[in-house]
Structure formats: C-alpha cells, structure tokens
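**Q** For the record, the sequence lines run as chains A and B.
Okay, so the first sequence: first residue is 11 according to our numbering, each after it adds one.
Okay, so the second sequence: first residue is 305 according to our numbering, each after it adds one.
Fair warning: there could be bad hints in the mix.
According to the in silico footprint, chain A covers these stretches of chain B (three or more CB under 8 Å from chain A) [stated by the list, open to error]:
| # | stretch |
| --- | --- |
| 1 | 375-383 |
| 2 | 430-438 |
| 3 | 462-470 |
Short, incomplete list of chain B residues facing chain A, as computed with Cβ under 8 Å [unchecked claim]:
| # | residue |
| --- | --- |
| 4 | F369 |
| 5 | F371 |
| 6 | S386 |
| 7 | G389 |
| 8 | L392 |
| 9 | V394 |
| 10 | I418 |
Source of the hints: derived by calculation from the structure; they are not laboratory data.
In this text, all values refer to a predicted model and were calculated from it rather than measured experimentally.
Using N, Cα and C, we set each Cβ at its ideal position, and we do this for glycine too.
One-letter residues, chain by chain:
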Amino acid sequence: MELRGNPDYAYAVGVIRVKEKALLSQERFNRLVEAKNVEDLLRLLSDTPYGEGSHEETHPERAIRQGLEREFLGSISLFSTLCHDQTIKETVFYRYDFHNLKVIFKERSAKGRLEPARYPDGNYPFDVLRAAVEENAWLDIEPDFRDTLRSCKAKIEEDPLPYVIDNTLDKTMFAMMRSRVKDADPFFREWVVSEIDLTNIGAFFRCRYAERPRAYLMAALIPGGTLDASFYQKAWEEPIESLPAKFQHTSYRKVVEKGIEAFEKGSFASLDRAMLEHRLAFHRETRNVAMGIEPLISYLVFKETETKMLRMILVGKMNRIDPETLKEFIPNALG
Amino acid sequence: MKLNVNPTRMELLRLKKRLVMARRGHKLLKDKQDELMRRFLAFIRDIRDLRQEVEKGLTDAFSRFLFVSATLNPQDLEEALSVPGKKLQVDVQSETIMNLRAPVFTPSVEGEVICYGYGNTSGELDISLFSVEKVLKKLILLAQKEKWMDLLADEIVKTRRRVNALEYVLIPNIEETIRSIEMKLSEMERSNFSRLMKVKEIVEAH
Numbered sequence: 011m012e013l014r015g016n017p018d019y020a021y022a023v024g025v026i027r028v029k030e031k032a033l034l035s036q037e038r039f040n041r042l043v044e045a046k047n048v049e050d051l052l053r054l055l056s057d058t059p060y061g062e063g064s065h066e067e068t069h070p071e072r073a074i075r076q077g078l079e080r081e082f083l084g085s086i087s088l089f090s091t092l093c094h095d096q097t098i099k100e101t102v103f104y105r106y107d108f109h110n111l112k113v114i115f116k117e118r119s120a121k122g123r124l125e126p127a128r129y130p131d132g133n134y135p136f137d138v139l140r141a142a143v144e145e146n147a148w149l150d151i152e153p154d155f156r157d158t159l160r161s162c163k164a165k166i167e168e169d170p171l172p173y174v175i176d177n178t179l180d181k182t183m184f185a186m187m188r189s190r191v192k193d194a195d196p197f198f199r200e201w202v203v204s205e206i207d208l209t210n211i212g213a214f215f216r217c218r219y220a221e222r223p224r225a226y227l228m229a230a231l232i233p234g235g236t237l238d239a240s241f242y243q244k245a246w247e248e249p250i251e252s253l254p255a256k257f258q259h260t261s262y263r264k265v266v267e268k269g270i271e272a273f274e275k276g277s278f279a280s281l282d283r284a285m286l287e288h289r290l291a292f293h294r295e296t297r298n299v300a301m302g303i304e305p306l307i308s309y310l311v312f313k314e315t316e317t318k319m320l321r322m323i324l325v326g327k328m329n330r331i332d333p334e335t336l337k338e339f340i341p342n343a344l345g
Numbered sequence: 305m306k307l308n309v310n311p312t313r314m315e316l317l318r319l320k321k322r323l324v325m326a327r328r329g330h331k332l333l334k335d336k337q338d339e340l341m342r343r344f345l346a347f348i349r350d351i352r353d354l355r356q357e358v359e360k361g362l363t364d365a366f367s368r369f370l371f372v373s374a375t376l377n378p379q380d381l382e383e384a385l386s387v388p389g390k391k392l393q394v395d396v397q398s399e400t401i402m403n404l405r406a407p408v409f410t411p412s413v414e415g416e417v418i419c420y421g422y423g424n425t426s427g428e429l430d431i432s433l434f435s436v437e438k439v440l441k442k443l444i445l446l447a448q449k450e451k452w453m454d455l456l457a458d459e460i461v462k463t464r465r466r467v468n469a470l471e472y473v474l475i476p477n478i479e480e481t482i483r484s485i486e487m488k489l490s491e492m493e494r495s496n497f498s499r500l501m502k503v504k505e506i507v508e509a510h
C-alpha cells in the first residue's frame, strides 16, 4: 500500500490513535470469553468504554447492549466529525443509505414499519429517502443519487422480491462507491474492490453450497471486483478441491480454502471468520499512515468488528456456550 | 351395591338379559382398549424417533442462528429476514382411526427460504435457514402424530373408565341383584310351600 500524508488529518489521526489504544486487545478478548456469566462480563468491561455508565443500569445484559450501541453510534459520529473529505464521507455512508433504502422497499412488501431494521442516518435522513421512494419527493436528493435511485426503484417495482431488492441495491451501492473513489487515493479503490471481491467470493460459495443454478450466481455477482464474472463462471465448473489453485494468484487463497471447509464441515463459520480477518488485515496496514483519512475508515471497521465480537460473547454467556467454541469466532487480527 | 329394583321374576329376567349385554359390551370394550393400547405403543415408538430427529434439527438450526444473530449487526439481520420468501400453508383434513376423527396436516410450501442478498449476511444464516427448512415438514408430521397420540390417549382413558365401570360396578351390581332376587324368590317359594303344607295339615285334621 502506498503511504501518504495529508496534513489536514494530523489532528484526526492523533485522535484516532488515542482511540485505537482503547480498542480491546486479543488478551482482553480471551479474558472476556472466559467470563463466568453476563454479570462477570460486565464487570470485566467496566474499565472499558463499553462499561461507562453501566452502574446506572441494573440489568447487566441491557447495560452491555447499551454500551455496544453507544460505542457503535459514537464511532460513526466520530468519523463524521473528523472526516473533511465529502466524497469519502459519502462513500462510507452509502452503506447506511442503501441499507435504509432496503428497509424502505421492504416495508412496502411487508406492509408495515420495520423500525428495528433501520441504521442511523447516512448521507440522507431516513425520512428524506422514504419521501423520495414513496412520494417521489426528490428535491432533497443530489441529482446523481436521484437518477440512480429512480432506476433502482423502477427495477424493484418490476420484481419486488426481497432478494431482488437486496441484490439491486447492493450492486448500485458498490457501483456508486466505485464511481466516487475512482479518482481517489489507491487505498480507497482497493478497499471498495476488496469489499466487492469478498462479497462475490461469499456469494460463490453460498450459491454452490445451496446447489443453485449458475445463472443465480451470475445475477448475484457484483461487477467491479478484481475477479470478473467469467472467472467465477469458469470456477463454477471446476471441482471444489481445485479452487485454491484457481485463486492462488489472488490475495483470497486463504479465504477460498476456508470456503472449501464449509463443504466438509457443513458450516460457514470459518469462511466468515477468514473474510473478516482478510478485511481486518487490509485495514491494519493503515496503522502505518501518519497523516491521512485511511485510519479513520479503518478505525470504523475495527470498532464495528469489536462491537460484533462483544455482542457474540454476550450472547454466548447468556446461553452458556463453551469458551472454546466462542474463541473460534474471534478473529486473530482484532485489537 | 344392589340395584334398587323389585324382586320379581320379570325383573330377574330383565336383569339377566342386561347382564348378558353388559358382559358382551365389556368384552368388546376390552378388545377396543387392547387395540387402542397396541396402536398407542406403536405410535410412541414411531414418534420417539421422529421427535429426536426434529429436536436434533431444531437444536442445530437454533444454535447456528444464535451465533448468526450475534455476529451480524442487529439491523442487518432484521432487514434480511423482514420479508420472508417462503410461504407455508397447512391444509387440514380429517381421517377416522378407531372411530376417532383425527386431523391430517398437508403442508404446501412455495418460494425460497433465502430471502435476502449476499451483501451484509453470512453463510451461517443460510445454513441455519436450510436446517429449519429441512426439519419443517417433519415438524408438521410430528405435530399431526402427536395430536393423534393425544386423541388415542384420551380415548384409552375413556374406554378404560367404561371397562372398569362395567367390570367393577355394573356387572357385579347386576350379579348381586340377580342373586338377591333369586334368594328372595326361592324364599317366597319356600314360604308358600310351607304355608300350603300347614293349610293341608289343618284341612286333614278336620
């Protein structure tokens, strides 16, 4: 990765470096996994940001969940405050916009409101997106996003299946992210491409495991990754054991090997973990960036992963799941 | 306990007919109870295996889902599963088993269990839904068989109560009453006979 320096972000990176120190280390995770119960887990979290204000809540599970929610929203808010580059901010927040659009389109199918499925507002408030989709109120939407959204809406109205909604909006989101970062620093291009590749590799194995027709995979693939549709088309014909060789010249060989394990073990847990580790390894490299916007995005990724892992440990403790089983889900590159 | 009837020959004949009928009814009910028991035990064996299979499938599905619900962001999971792609309809008809009207569930399933894209979801979520899908028809079959077993159990209890009522109450009571009427009648006969003898003696003395 090319190292870059942007003095505009000297303060932001300083703040992020301090915040990174507060990320939970692997040792801390190992201790949390060994917690006897939820009360013990809360006690172990009491000196971390997740435990702040926990004494005001009498229910330990609720206190931890509130901490997770607060930290997750806090990391988004921090990114929003520190990031001055509107293009990058929009690229990162597309995820929330498109997720909220999925919720809006699905609310129409479900004929009801899906409040718990909403993410915090991205580039546009939820109600603005809803007004655009439901009432064609486009005034508050930027022209390029408006055109994209209109074409998505037309496509979804033709075939309003939930799978089609997700697939159409995912493809559109990545297309917009790519167009946003095409002139940006290579880090951002690599980041978007890597996200597309990981989504496509996951889709490839999941379609193959479910014995879907090839056309189903082709429709699910997101264009713009380092591996194009014809690559997956050829790989589809290959026996599953020969796939690592097909991917050996890519950085995804390890991920693919774990994908193959899914067929032997009947579980995608290893693949999910390998994909997460790949993501974290990519973002870990930004720790070498002294001044720049990259550490901000990476911090957001690490923080989100941390909250996910803590939520998993919490669920594990609530259901008395063996610590060794929980450890299998915690990625190595965390913290 | 003796029945409250007049000790007459007519009543005796009526009670004897009732006793024959009660014994025949008892035998039929006893046969029915045996057959119900036989079927009930066969059902238990059948259901035990099916229940184990269903419980294993559901445990697997739920434990996977537990981890998925913890590793995915709650909003992503909620959005992914908000609109189900699969529709299950259960048609209920009835069938007669041992004179009982038992329901027959016929499930019809349409659509895809995977109702979301591959973007923000995980393969484990797919597998947990496939596990539920695999076990769904067996679950409905189990519900049907358990309902049948429930009906059979109720019927066994009812039949046993009737058999016991016949065996330990009605038949002994009729038998006791018959015995008592017979004794009464023979007593009356003896008393009549001795009265007649006495009358004959008085007539002969004059």
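**Q** Each hint needs a verdict: does it hold in this structure or not?
**A** Do the hints match the structure? See the list:
Counting residues of the stretch 375-383 of chain B whose CB falls under 8 Å from any CB of chain A gives 8; the rule of at least 3 is met. Look at the stretch 430-438 of chain B against chain A: 3 of its residues bring a Cβ nearer than 8 Å to a Cβ of that chain, three or more, so the hint holds. Taking a C-beta to C-beta cut-off of 8 Å, the stretch 462-470 of chain B contributes 0 residues in contact with chain A, too few for the three needed, and the coverage statement is violated. A distance limit of 8 Å between C-beta atoms decides the matter here; for F369 of chain B the minimum to chain A is near 11 Å, and the interface restraint is violated.
For F371 of chain B, the suggested interface contact is upheld, since its CB lies about 7 Å from the closest CB of chain A, less than 8 Å. Given the 8 Å rule on beta carbons, the hint for S386 of chain B holds: about 5 Å separates it from the nearest Cβ of chain A. Below 8 Å, beta-carbon pairs count as interface contacts, and G389 of chain B has one with chain A at about 6 Å; its hint therefore holds. The restraint placing L392 of chain B at the interface with chain A is violated, with a minimum CB-CB distance near 16 Å, outside the 8 Å limit.
Interface hint status for V394 of chain B: violated, as the beta-carbon distance to the closest one in chain A is roughly 22 Å, over 8 Å. Evaluation of the I418 of chain B hint against chain A yields a held restraint, the C-beta minimum of about 7 Å falling below 8 Å.
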